[in-house]
Amino acid sequence: MKNKNRIMVVVAILLMVCLIGLGITKVFMLTINGMNLNLMAPDVYDSGWFAYKHIKLVFDIAILTNIIALGLVLYSLFTDEKKRK
1 MKNKNRIMVV VAILLMVCLI GLGITKVFML TINGMNLNLM APDVYDSGWF AYKHIKLVFD
61 IAILTNIIAL GLVLYSLFTD EKKRK
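According to the UniProt record's numbering, the sequence shown is numbered sequentially starting from 1.
Just so you know, not all the hints are guaranteed correct.
FRET-style restraints, in silico, Cβ to Cβ [claimed, not checked]:
1. Lys26 <-> Ser76: 25 to 33 Å
2. Leu14 <-> Asp60: 17 to 25 Å
3. Ala12 <-> Phe59: 20 to 28 Å
4. Lys4 <-> Leu30: 33 to 41 Å
5. Ile24 <-> Leu57: 13 to 21 Å
6. Ile20 <-> Ile55: 16 to 24 Å
Lysine to any residue pairs mimicking SDA-like chemistry, simulated, CA-CA at most 25 Å apart [to be verified]:
7. Lys53 <-> Ile32
8. Lys4 <-> Lys56
9. Lys4 <-> Asn66
10. Lys53 <-> Asn66
11. Lys26 <-> Leu14
12. Lys56 <-> Leu30
13. Lys4 <-> Leu74
14. Lys53 <-> Lys4
15. Lys4 <-> Cys18
Because the hints were derived from the structure by calculation, they are not lab data. All residues carry an ideal CB built from backbone N, CA and C; glycine is no exception.
Work the whole structure out from these sequences, hints included.
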């Protein structure tokens with residue numbers, strides 16, 4: 001039982017680190033979105049914007065999945081096995 005709790009704590013810490021990394025990347029992507037890239041490189045802008053929309057969607061899904069996984073890990077860490085059955 002003690003070993004399982006250690007594993008859950010490590011998994012929770014890794015999920016939080018991943019969530020922080022995804023959040024920082026999302027803020028960076030929003031900063032890039034605020035720039036006027038059409039004036040800087042109009043040829044790259046059209047193909048880049050199409051890819052950006054899909055990358056943004058993938059990041060949103062990854063952040064939501066990470067939050068759900070973190071919630072499940074913390075739930076299983078802080079509840080008794082008797083209550084879950």
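These are the hints, each one checked on the structure:
1. Between Lys26 and Ser76 the C-beta distance comes to about 27 Å, which sits within the given range of 25 to 33 Å.
2. Distance hint check: the CB atoms of Leu14 and Asp60 are about 20 Å apart, consistent with the given range 17 to 25 Å.
3. Between Ala12 and Phe59 the C-beta distance comes to about 21 Å, which sits within the given range of 20 to 28 Å.
4. The supplied range of 33 to 41 Å is met by Lys4 and Leu30, whose beta-carbon atoms lie about 38 Å from each other.
5. Between Ile24 and Leu57, the C-beta spacing of about 18 Å keeps the proposed range 13 to 21 Å intact.
6. About 19 Å separates the C-beta atoms of Ile20 and Ile55, a value consistent with the hinted range of 16 to 24 Å.
7. Between Lys53 and Ile32 the CA atoms are separated by roughly 12 Å; this keeps the pair inside 25 Å, and the hint holds.
8. For a cut-off of 25 Å, the pair hint linking Lys4 to Lys56 is broken: about 35 Å separates their Cα positions.
9. With a CA separation close to 20 Å, the supplied pair Lys4 and Asn66 stays within the 25 Å bound.
10. Restraint check for Lys53 and Asn66: satisfied, since their Cα atoms lie roughly 20 Å apart, inside the 25 Å limit.
11. In summary, the hint linking Lys26 to Leu14 is supported, as the alpha carbons are separated by about 18 Å, within the 25 Å threshold.
12. For a cut-off of 25 Å, the pair hint linking Lys56 to Leu30 stands: about 9 Å separates their Cα positions.
13. In summary, the hint linking Lys4 to Leu74 is supported, as the alpha carbons are separated by about 12 Å, within the 25 Å threshold.
14. Taking the CA atoms of Lys53 and Lys4, the gap is near 40 Å; set against the 25 Å cutoff, the hint is violated.
15. Distance hint between Lys4 and Cys18 is fulfilled; the C-alpha atoms sit about 21 Å from each other, no more than 25 Å.
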